[in-house]
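Please put together the full structure from these sequences, using the hints given.
Chains as they are written, first to last, in our numbering: chain A, 44 to 286; chain B, 6 to 976.
Hint data in this document are derived by calculation from the structure and do not stem from the laboratory. Please read all numbers here as calculations on a predicted model, not as lab measurements. Be aware that a few hints might be false.
Said to hold, decoys possible - Restricting the straight-line Cα-Cα distance to at most 25 Å, the calculated cross-link-like pairs of lysine-lysine (PhoX-like) are:
#, chain 1, residue 1, chain 2, residue 2
1, B, Lys61, B, Lys396
2, B, Lys929, B, Lys972
3, B, Lys136, B, Lys61
4, B, Lys929, B, Lys626
5, B, Lys868, B, Lys676
6, B, Lys132, B, Lys61
7, B, Lys519, B, Lys132
8, B, Lys259, A, Lys208
9, B, Lys583, A, Lys208
10, B, Lys396, B, Lys519
11, B, Lys760, A, Lys208
12, B, Lys141, B, Lys61
13, A, Lys208, B, Lys167
14, B, Lys972, B, Lys760
15, B, Lys929, B, Lys942
16, A, Lys177, B, Lys676
17, B, Lys583, B, Lys265
18, B, Lys269, A, Lys208
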Amino acid sequence: MAADAGGTGLEGQTRLSFVHRKLVDRGARFGLVNGGLIAVDFGDEAADEEIARQMGLADLSPLARTGFKGAGSVEWLASQGVAIGAESNRGYRQAGGEVALRLTPSEVLLVDSLLAEGRFIARLDGAWSWGEEKPRRPIGYPVPRADSHFWFALSGLHAVEMFSKICGVDLRAHRFAEGAIAQTSVARMSGIILRHDFAETPGFYLLADSASGDYLWECLLDAMMEFGGRPVGLTALQMLEGY
Amino acid sequence: MIAGINRLGTAYGRLIDRETSIAFTFEEREYSAFAGDCIAAALAAADQWVLSRSFKFRRPRGILTMAGQDSNTLVQVGSEPNVLADRRPVTPALAVSAQNYDISLAVDAGSAIGLFSRFLPVGFYYKAFYKYGSWKFWEPVIRNRAGLGRIGRDAPHGYFDKQYLFADVAIVGGGPAGLSAAIAAADSGAEVVLIEEWPILGGSLTYSRFERDGGRSVMGEELAAEVAQRANIRVMTDATCSGLFADNWLSVIKGRRLYKLRAKAVVVASGSHEQPAVFRNNDLPGIMNGTAAQRLIRLYGVRPGRKAVVLAANDDAYGVALDLLEVGTAVEAVADLRENPEETARLRAVRGRGVRILAGHAVVEAIPGAGKLAIIGATVARILAEGETEKAAATFECDLLCMSTGYGPAGALLHHAGASFGYDQAANMFQPTALPPHVFAAGSVNGTYRLDAVMIEGHRAGWAAALDAGFASESEPPPVTGDRGARGLTHGFPIFPHARGSDFVDFDEDLQVKDLVAGVAEGYDDIELLKRYSTVGMGPSQGRHSAVAAVRLLARETGFDLAGLSVTTQRPPTVPEKFGHLAGRIFEPERHTAMHHRHLELGAQMMLAGLWHRPAFYGAKADRELAIREEVLAVRNNVGLIDVSTLGGLDIRGPDAAEFVNRLYTSAYAKQPVGRSRYVLMCDQTGAIIDDGVACRLHEEHFYVTATTSGVDGVYRMMLQSNAQWRLDVDVANVTAAYAGVNLAGPGSRDVLAKLCHDVDLSAAAFPYMGTRLGTVAGIPARLLRVGFVGELGYEIHVPASQGEALWDALMEAGAEAGIRPFGVEAQRVLRLEKGHIIIGQDTDGLTHPHEAGMARAIAQNKPYFMGGRSIAIQAARPLTRQLVGFALADPEGPVPQECHLTIRGSDIVGRVTSAVRSPSLGKTIGLAYVAPDQAKLGSRFDIRIAGGAIVQAEVVPLPFYDPDNKRQEM
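Following this line, the structure appears as structure tokens:
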């Protein structure tokens, strides 16, 4: 990970997280990833990791992600080497730690791994084209998931209980196992929840309307207050996952 | 500091911690409590028994149930009104005051109204205040007296929230039935949530008298320990289930949190409510249920009185008498309503202590002391017949009167679930007769009172509930056989009307026996009618202690069989819920564009467009008109920048993309070249205009279609719905949030853009008006559109949202030298009006069709089908009823009409103004308005009625008002 890039300045990067200023206000230290700034920690990596084990909120919005939908999209992705199972509302981990979230029989959202290399996503984005064949083979269409949705991670022993204050789906491990997806309402907003444990630590990815990132960030911090929850950076999650 | 002269020794007071004293005030006097005391207990310990005054007659009231089941104990705590003093724990520096009095709690001037009680019979307000003058006089008087407690307008907001919970089996009630049910359900493998109102488990086991173990029972503790051993039972104490809704959704209130609990099966083990008896002055302080006295003793270590009379109709009364004797209260007499009470061990023990037992006797009257602040005696007489006693009576001195004359099921939750209840003649009580699926009942709520039977019934209910939820256990537990113990507990008519009244059936509403009798006599002879006419059962106690008495009286007055009657429906909530509980955290979603913070930093006044925050204009509020004017002129004469990210964006892709767009919108798109934009107008099936925008063809099979900010979600749904029928080979994606967008507009816009965009030929020839290009701006991939909404040379630039702020910064920097000015929604509205462009929903209404809006040119002539096309054709064939025209005011300095000011002809309304502004670019007032078709000719004049009724004259002028040849936008 690149070192602290400092302050609010863009330093040549043009991509900003949807909650960038919230992170700055909390004292985040930033690193360069995927053409943008990501919060790597909040001043103390060890403290971050401990918080992440209990109740942490991380913004992963600058990390790479993409989506494809429409008839033929799943088959096309499979032909590109993406492992996707038959069930919808299920996330499928890839060899490199990326995840393919099958949202419907013909819609897939793909997110990068916490190593943040971005190659897997970039390769897929680069592989899609209109093509010259006539008639065109149905291979689905790209969806701009990197900008339509923010991406947060929730980690820790209290994550399920925190969610139960703002979401009506039973997310407990024995009812909502690794890889399960709920497309549901979170604090009165449509959101996608994926159970993504960080090794032994319970965890979730939450993706929702990027224009509402500020709002939902505050809702989540409010809900996790009673558990001593607070923001953590990418490094803490990488440490949990054992990278 | 008043300490507890009624406090008992350490053998009593399960809930209190004598090591910790807490100081608090009541009516500004200081009192001392122990940690764990409730307010009423601490006051009782200090011999303060009056807690409130009643609603109508302002009679002093005190403890009745000691369990929060009545409303006599409602007090004000700080700024919080209507707190149950017999449930609220004392906390340091608590400031408690009584409600509903003038002068003081002890000396209330308002209680003089009792003298006028004969003028306030049941339903008097239906028959009074008819003469206008009288209501004008009485309304302020009544408003002043009405209500309990005061709302503190400056009260600090509490932190309330909500939480979802899930269970296989939910059990309401932690007494012997509920505990047994929880153990059984958990042993079957179910996840159990056990909900208990009190801080400790055990229910009646925590305060009743038991002869096992020398008068104390540890059975409650044993059961609680078994529950604690089972990891799959989640115990919630200090939690109240306030409602049982469809599909076993339960609302549970604990502290400041509302839990929303979904359970597969529910066991209701909520117990029963002891019922008071009815006799003269039965409402005064010192008169309480037998179980209230036992709660005072066992839970709080408070002696309930010095001298007592016990009114009995069951064996529990003798347990109460023994408890009173044990703590040093003298029992002057037991008046037993039963002619021949069974000689139980308890009864014999009471007699053995020298207590006078008067079988077949009733309390006729309680004798009040000074100010009715306490009782000083009770008058007892022999029963002659139901509700009647002999004249000859004996009076016993007492300051405490305990009533143990019967119970009723605490069945509100079963009512919510749709259970039916029937009257058991042998037991003199209502009980459930039929339960809905997935709901089970056990214990006294189900009519089972004998402890052994209660435990078996609880066990069986838990087992059955677990089975219902899909968890089978090995063996079937035994059913309850033999005596369930319900008979001989409740008297059939513990009501002794008195000629001089004050024999209260409903304490909350101050209803006496004669009030209900009068109601029936007036013809309200059905319980539903009697309830609403008299208001019996409609107070905070919700009929817990009055509903059955009312039904008994109704049966007696009408001669109807009690078995055929029922109590009225109980509805949620079972206990008062605060507005805070229902509101929880405030969740009000907001949407911010990528440039949101830049707008704030530039001093924008923000406005709401749906959930989006948008800049209305930049500058101080006081400078609104000036700021808007300057922004308009900056765009007309120089270059401006506006954030248009909120506009809808839809990617339509696929082999049938052009056909899809063709069917949805009125114009022709099949042959639209790649790299061109076209105006889109969407109409519904009736031909009414519902949205507009532009369609940009980015590829043969790809249209990027824009929509209005507030319309895009509806347009997207419409598209999906339409294609579910049409089955065209097309994919629709709502990418509104994915793209941030700006409109860089003004004669200087090309030069500014040229500094940042090097891969698109921006010359007029290469990139004409209504062209669409893909390129990069400041290194950011962009969709570029030349559109004409504001009527100047301009470029809409759409980029990925995460790069929107970077784009804004780059454009502001590139335009700095030229004096670029950010402009907001208000300026944009003026600019588009100067060009005569309509705003959907402002210049159109729910019926406006294209011909009346002057948009016939947007309708393709040769398409076989488009949405609304048939209706539009029909409308075109009919004469118009109104027409939208552009107008200018004759007097350029005159007042500016507002939207919806009427256009009138003589005394007829012919239409309305939809938009109007004093145009900075033209120096005169212009607008759009609906007029009659024969007024729509250029040059005709029509009248507008503005605020205050004045008439201004307007003239129809050609559109667009500004730059009629469109030269500026096509540069």
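Going through the hints against the structure:
Between Lys61(B) and Lys396(B), the direct Cα distance comes to roughly 30 Å. Violation of the 25 Å bound is thereby established for this hinted pair. For the hint linking Lys929(B) to Lys972(B), the alpha-carbon distance of about 21 Å falls within 25 Å, and the restraint holds. For the given pair, Lys136(B) sits about 23 Å from Lys61(B) by alpha-carbon distance, which is consistent with the 25 Å threshold. Note on Lys929(B) and Lys626(B): the hinted pairing holds, with a Cα-Cα distance of about 24 Å set against a maximum of 25 Å.
Among the hinted pairs, Lys868(B) with Lys676(B) is consistent with the structure: their alpha-carbon atoms are about 12 Å apart, no more than 25 Å. Restraint check: the Cα-Cα separation between Lys132(B) and Lys61(B) comes to about 17 Å, which is no more than 25 Å; the hinted pair holds. For the hint linking Lys519(B) to Lys132(B), the alpha-carbon distance of about 18 Å falls within 25 Å, and the restraint holds. A threshold of 25 Å between alpha carbons decides the hint, and for Lys259(B) with Lys208(A) the separation of about 14 Å falls inside it, so the pair holds.
The straight-line distance between the Cα atoms of Lys583(B) and Lys208(A) is roughly 18 Å, inside the 25 Å bound, and the hint therefore holds. Only pairs whose Cα atoms come within 25 Å are accepted, and Lys396(B) paired with Lys519(B) is accepted, the gap being roughly 20 Å. Our distance criterion of 25 Å between C-alpha atoms is broken by Lys760(B) and Lys208(A), whose separation comes to about 50 Å. Distance hint between Lys141(B) and Lys61(B) is fulfilled; the C-alpha atoms sit about 20 Å from each other, no more than 25 Å.
Simply put, Lys208(A) and Lys167(B) have alpha-carbon atoms about 6 Å apart, close enough for the 25 Å limit, and the pair holds. This hinted pair checks out: Lys972(B) and Lys760(B) have alpha carbons roughly 24 Å apart, not beyond 25 Å. Of the supplied pair hints, the one linking Lys929(B) and Lys942(B) holds, its CA atoms being roughly 20 Å apart against a limit of 25 Å. Restraint check for Lys177(A) and Lys676(B): satisfied, since their Cα atoms lie roughly 19 Å apart, inside the 25 Å limit.
With a C-alpha separation of about 15 Å, the suggested pairing of Lys583(B) with Lys265(B) holds against the 25 Å cut-off. Taking the CA atoms of Lys269(B) and Lys208(A), the gap is about 20 Å. The hint holds against a cut of 25 Å.
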